[in-house]
Amino acid sequence: MITHAFTHAAQQRAQALGLPAHPVVVVEHPLASKTRDQAQHLARHSLEAVVHGLVAHREAPGRVSQVRPQPRPARASHLAVSGTISDINDYLYDQGWTDGLPVIPPTPDLVSAMLEASPLPAEQVLGTLPPRDGTVTVEKVASNAVMAGCQPASFPVVLAAVKAVLQPQFNAGAITTTTGGAAPVVIVSGPIVQQLGIHSGTAVLGSGHRPNATIGRALRLTMRNLGGATADTMEKSTHGWPGKYTMCFAENAARNPWEPLHVELGFAPEVSIVVVVAARGLITIVESSQEAGLGNLETLVSAMRGEGISGYYYQARGASPVVVLGPEHAAEIAAAGMGRQAVKEYIFQHARMPVGQLRDRGHWGARSWPEAWEHQPDDFLVPLVTNPDTLLVVVAGGDGRHSSWFPAWSATQWAMEVIEAPPERGPRAGARP
Amino acid sequence: MAVTPHVTHVVHPAAEDVREPSRLAPRLATLQGRTIGLIDNHKRNADVYLEELGRLLQAHYGVARVVTYRKISQSLPMPGEVLDHLASECDVLIHAVAD
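From first to last, the protein sequence lines are chains A and B.
The first sequence begins at 0 in numbering that gives the first Met the number 0 and counts up one residue at a time.
The second sequence begins at 0 in numbering that gives the first Met the number 0 and counts up one residue at a time.
Isolated chain A, as found in the complex:
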């Protein structure tokens, strides 16, 4: 049972499951904002259609979809496209394979160059990406990385990010189909940041830095093209946000007053990792009046409260908001004697909303939190997360009195992957073996 706004999405998903004739009952959209009486009326109105779907034989006996199953080829097929680079871009756009910006045509030679930097073989299957359940091979990722403008040296980071979003707790299918507009945020930590020049300073979350721009974009194009959620199919974001194009950054190692993020997360200093979270957007705060570290945190946390922040209704999954401290704020917080853990504890204690203020607002009707909170008085303070270690705190950015946070999309958990080294090469780096 769906509302009419989801008709096409339901058909597409049924198709992806190999059940194009799966019965679907459509009612008026939106059900969620109807009164109880109206919702019951819709149930009465749809009763006959529901019964028809259950007892009527929609398919003649023995008849199934006309699509003949074929074994998936181990390697991607090659497509011949005529014309200029502009014509090729038009073709790729018309197929629904781009994000709307121009791409570099993924010619076999460029894809081969990408694969030469791969720690994994071209035909290796990394998993399948919902909702279309496309098989993700290293070669497919390489094709998307070429389109995104990636340099081959960045490819191991792209692969690590793709492997991260394929981890089941990341819930990639729902992230790409939710109305909540979630996008993956890729955070890189470790020596590879300096090796590749992944930007971590001024305008770190803005534009102008090729590794950042293209790694995040390669991940999104891979999710789009193998997962198949596009705006005319199963992508249902009410708004979405520009992170859907790309969002990748690194911790500012030179100005981080604490131990590196990847070390804090349990990895050796010489290891490089990606941490991928799903975020609903980016909120930047200014605090240029307070001089003490605590004052910075107070202002930041005040921007982390609100009835419309979905995390307050959805603690069950353990989604991770990401706090990005500007280096000046971080230095003052550290000077006040607070470590990264103390920052998380502070946010955990103070990013809270009275349950009476949440009631009948936001996602109240779909709340998913500990049962014990159901019986609390109106002044009970609901925390944004149930555990301070669910928070990610990163130091990044340039000079200035600003910090930011990414509200988490709620039905996800972060995913980490070690960035594997590219294969050993001879003296001429990147040369064909």
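Do not take every clue at face value.
[Claimed, not checked] Below, a list of computed lysine-lysine pairs in the DSSO-like style, where the Cα atoms sit at most 30 angstroms apart:
{"hint": "1", "chain 1": "A", "residue 1": "K243", "chain 2": "A", "residue 2": "K343"}
{"hint": "2", "chain 1": "B", "residue 1": "K70", "chain 2": "A", "residue 2": "K243"}
{"hint": "3", "chain 1": "B", "residue 1": "K70", "chain 2": "A", "residue 2": "K235"}
{"hint": "4", "chain 1": "A", "residue 1": "K343", "chain 2": "A", "residue 2": "K33"}
{"hint": "5", "chain 1": "A", "residue 1": "K33", "chain 2": "B", "residue 2": "K70"}
The hints are simulated quantities; they were obtained by calculation from the structure and are not laboratory data.
Owing to the predicted nature of the structure, the values given are computational and were not obtained by experimental measurement.
Use these hints to put chain B onto chain A, whose structure you have.
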């Protein structure tokens, strides 16, 4: 002189899987005496809609029993073991609602 259009080959960047078609389970001859499973995906009013639907199916179509399962969140997949259990216990399943 005619100009031959320049042809470029590109490596297919999207899914090429061709899903094996599945056959829908046979529809029931009647709902009389059957057990109906209702999956509430936790969206607001999904419970109201399904409760009324279950009541009507029992009142007017002779459904013997209604089993309800509420997902922890609409955004999380059904756990496989829960689905298997419902499939073994129920004759049909109705899942609601988006959105």
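Handout entry: In rising order, the numbers of the hints this structure does not comply with
Key = Hint 4 contradicted; others consistent.
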